[in-house]
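Visitor: This is what each chain is made of:
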Amino acid sequence: DAGITQSPRHKVTETGTPVTLRCHQTENHRYMYWYRQDPGHGLRLIHYSYGVKDTDKGEVSDGYSVSRSKTEDFLLTLESATSSQTSVYFCAISVQSLYGYTFGSGTRLTVV
Amino acid sequence: TQLLEQSPQFLSIQEGENLTVYCNSSSVFSSLQWYRQEPGEGPVLLVTVVTGGEVKKLKRLTFQFGDARKDSSLHITAAQPGDTGLYLCAGAPLSGNTPLVFGKGTRLSVIA
Chain C
-6 DAGITQSPRH KVTETGTPVT LRCHQTENHR YMYWYRQDPG HGLRLIHYSY
44 GVKDTDKGEV SDGYSVSRSK TEDFLLTLES ATSSQTSVYF CAISVQSLYG
94 YTFGSGTRLT VV
Chain U
-7 TQLLEQSPQF LSIQEGENLT VYCNSSSVFS SLQWYRQEPG EGPVLLVTVV
43 TGGEVKKLKR LTFQFGDARK DSSLHITAAQ PGDTGLYLCA GAPLSGNTPL
93 VFGKGTRLSV IA
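In order, the protein sequences belong to chains C and U. Residue -6 is where the first sequence starts when you use the working numbering, and the numbers rise one by one after that. Residue -7 is where the second sequence starts when you use the working numbering, and the numbers rise one by one after that.
These are computed hints drawn from the structure, not numbers from a lab. Here the structure is a predicted model, which is why all the values come from computation and not from measurement. Be aware that a few hints might be false.
List time: in silico SDA-like cross-link candidates among lysine to any residue, alpha-carbon distance up to 25 Å [claimed, not checked]:
1. Lys62/U to Leu(-5)/U
2. Lys62/U to Thr103/C
3. Lys50/C to Val36/U
4. Lys62/U to Glu33/U
5. Lys48/U to Thr48/C
6. Lys63/C to Asn89/U
7. Lys50/C to Gln30/C
8. Lys63/C to Ser(-1)/U
9. Lys50/C to Leu86/U
10. Lys62/U to Gly51/C
11. Lys50/C to Leu71/C
12. Lys96/U to Lys63/C
13. Lys4/C to Leu78/U
14. Lys48/U to Val81/C
15. Lys63/C to Thr48/C
16. Lys96/U to Val104/C
17. Lys96/U to Ser98/C
18. Lys96/U to Ser76/C
19. Lys96/U to Thr103/C
20. Lys50/C to Thr(-7)/U
21. Lys51/U to Thr90/U
22. Lys63/C to Lys48/U
23. Lys4/C to Ser98/C
24. Lys50/C to Ser(-1)/U
25. Lys62/U to Gly33/C
Start from the sequences, fold in the hints, and give me the full structure.
Guide: Right, dumping it as structure tokens:
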């Protein structure tokens, strides 16, 4: 049992189409995060959630929205995908930042 | 904005050599964490240091938190090819459950 799973693992989509990535946890952790990772930029926070229906923006939130209707699921939506959103997306969970995160295995998204 | 500067960015060494990776900031953190990331996977938490001056050892890896809780180092003794990967440091801000601040990482390659 991985504790945190991301789906899909890989996706290719066309510019202008909506895309939803899913993060599912079985740990009942309060906090969930979405990051993107790009060469030269490291991990950048997109959005995070501190409870059901409680979310906040990160440093690169433009073009992305999130939803958390259940403790275990955190969805990231690209409303209209652009080539600049080609990246590897990671979800993470935590009890408290102080103690660290558990990351998912990532979703490689290519927008063509 | 809190920043964590990691150095070096890249490191290529021979098997058996020792190395040190640094993580520096002008900000104080409540904890400092180190992660290792392998290709195609998410980062995995190696250690969390909480107390200024704290030293933790994990087999051949030694982690130190600066006395002022602004910096940290990771020292690897007798590096092995299995140590190859991206090493990330992350700081937990003092202000409540704010998301972690990540460094951009050090990419280590250990050549047999």
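Visitor: Please go over all the hints and tell whether each is borne out by the structure.
Guide: Cross-check of the supplied hints:
| no. | hint | in the structure |
| --- | --- | --- |
| 1 | Lys62/U to Leu(-5)/U | holds (10 Å) |
| 2 | Lys62/U to Thr103/C | violated (37 Å) |
| 3 | Lys50/C to Val36/U | holds (24 Å) |
| 4 | Lys62/U to Glu33/U | violated (28 Å) |
| 5 | Lys48/U to Thr48/C | violated (34 Å) |
| 6 | Lys63/C to Asn89/U | holds (20 Å) |
| 7 | Lys50/C to Gln30/C | holds (17 Å) |
| 8 | Lys63/C to Ser(-1)/U | violated (40 Å) |
| 9 | Lys50/C to Leu86/U | holds (19 Å) |
| 10 | Lys62/U to Gly51/C | holds (23 Å) |
| 11 | Lys50/C to Leu71/C | holds (14 Å) |
| 12 | Lys96/U to Lys63/C | violated (32 Å) |
| 13 | Lys4/C to Leu78/U | holds (24 Å) |
| 14 | Lys48/U to Val81/C | violated (31 Å) |
| 15 | Lys63/C to Thr48/C | holds (12 Å) |
| 16 | Lys96/U to Val104/C | holds (24 Å) |
| 17 | Lys96/U to Ser98/C | holds (18 Å) |
| 18 | Lys96/U to Ser76/C | holds (22 Å) |
| 19 | Lys96/U to Thr103/C | holds (22 Å) |
| 20 | Lys50/C to Thr(-7)/U | holds (15 Å) |
| 21 | Lys51/U to Thr90/U | violated (31 Å) |
| 22 | Lys63/C to Lys48/U | violated (37 Å) |
| 23 | Lys4/C to Ser98/C | holds (14 Å) |
| 24 | Lys50/C to Ser(-1)/U | violated (28 Å) |
| 25 | Lys62/U to Gly33/C | holds (23 Å) |
The structure fails to meet hints 2, 4, 5, 8, 12, 14, 21, 22, 24 from the earlier list, while all remaining hints are met.
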